[in-house]
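**Student:** What follows is each chain in one-letter form.
Protein chains: 2
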Amino acid sequence: MATSIRHMLKDELQYVVRGTLWIECEQERFFGPGRVELLQRIDETGSIRKAAAGMGMSYKKAWAMVTALNRQVQRPLVVVKVGGEKGGGSIITDEARELITYHSQLRQRFLAFLEKEANDLKESRDLKPK
Amino acid sequence: MATSIRHMLKDELQYVVRGTLWIECEQERFFGPGRVELLQRIDETGSIRKAAAGMGMSYKKAWAMVTALNRQVQRPLVVVKVGGEKGGGSIITDEARELITYHSQLRQRFLAFLEKEANDLKESRDLKPK
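These protein sequence lines are chains A and B, in that order.
Oh and the first sequence: position 127 is 126 in numbering that gives the first Met the number 0, straight run, nothing missing.
Oh and the second sequence: position 98 is 97 in numbering that gives the first Met the number 0, straight run, nothing missing.
Chain A on its own, in the form it takes in the complex (with noise of 0.2 Å):
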C-alpha cells in the first residue's frame, strides 16, 4: 500500500509537486520546453536570431539548437530559406509542429501526474479530523 505523508503535513501550509520534463537522444537534450519555446518564436518571427532575441539566448547558442534538433530527427525541424538568415529568415516545417503538439501533450499528461500526487497530499489532508 502506498505510504502518505499526510498526518505529518501542517494543515496551515500549502504543499504542491513539482517537476521538469525532457526528453533526451544518445544522452544528449533532444528537446524540452526550452526548444519548444524557440521552435514556436521562429514560427511567430520568422527567423531564428528573432527567436533567440526574444528569449535573451545568444544567436550562437540558438543555431546550436537548431542544428542539434534537425540531425536528431529523420526531417529538418527548422529551414532556413534562400539567402540565409540575413536575406530570407527561416522557417518550421509541419514536423517541428507536430513536435510542439506532442510535447504539449506529454505536458498535460505530465501536469496530471503532478496535480494527482499533490491532491493525494491535500485530500487526505482535508479528511483528518479537525
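One thing to keep in mind: the hints can contain errors.
Note: identical chains are not told apart, hence a pair may lie in one copy or across any two.
What the hints assert, rightly or not - Straight-line C-alpha distance at most 27 Å; calculated DSS-like pairs for lysine-lysine:
1. Lys9 to Lys80
2. Lys9 to Lys60
3. Lys9 to Lys59
Hints are computed from structural coordinates only; laboratory data are not their basis.
Following the hints, position chain B against chain A.
**Tutor:** Chain B only, in chain A's frame:
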C-alpha cells in the same frame, strides 16, 4: 487522440524521457532527492556533519536544510541529541523514515510514468515497417 512523433525519430538512435520531481511547501523547496539523501546519510552516520561531508555539502547548508525540513512538518524529522552535534550526534525520527519511504514510492510512480512515455515512443517505432 494523442499525437505521436514516432515517424520523425531515427531508428538507429535511442530516445528516453527524463525528469526530476520535488515537493514545495509555500513556494519553498520542501523535499526532493537531495534532502532525502541527507536524511538517509544522517541515519547512517548519526551526524549532520558527516552526512554533509559525504555529499560534498557544507555543514552550514546541511544545517539549513535540516532546520527548513523540521519547520515544514508538524514534528521534527531530525533530532540533535543531548550534547549537540559534537557530543551526542543526530538521529532521524520515524516520521523521517516515513518520508523516505513515501519519496521512494513517489519516485517509483514517476519512473513508471517516464517509462510508459518512453515506451510509447519506442514501441511505435518498433511497429514501423522497415
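**Student:** Hint compliance check: list the failing hint numbers for this structure, sorted ascending.
**Tutor:** Nothing - there is no hint that the structure violates, so all of them hold.
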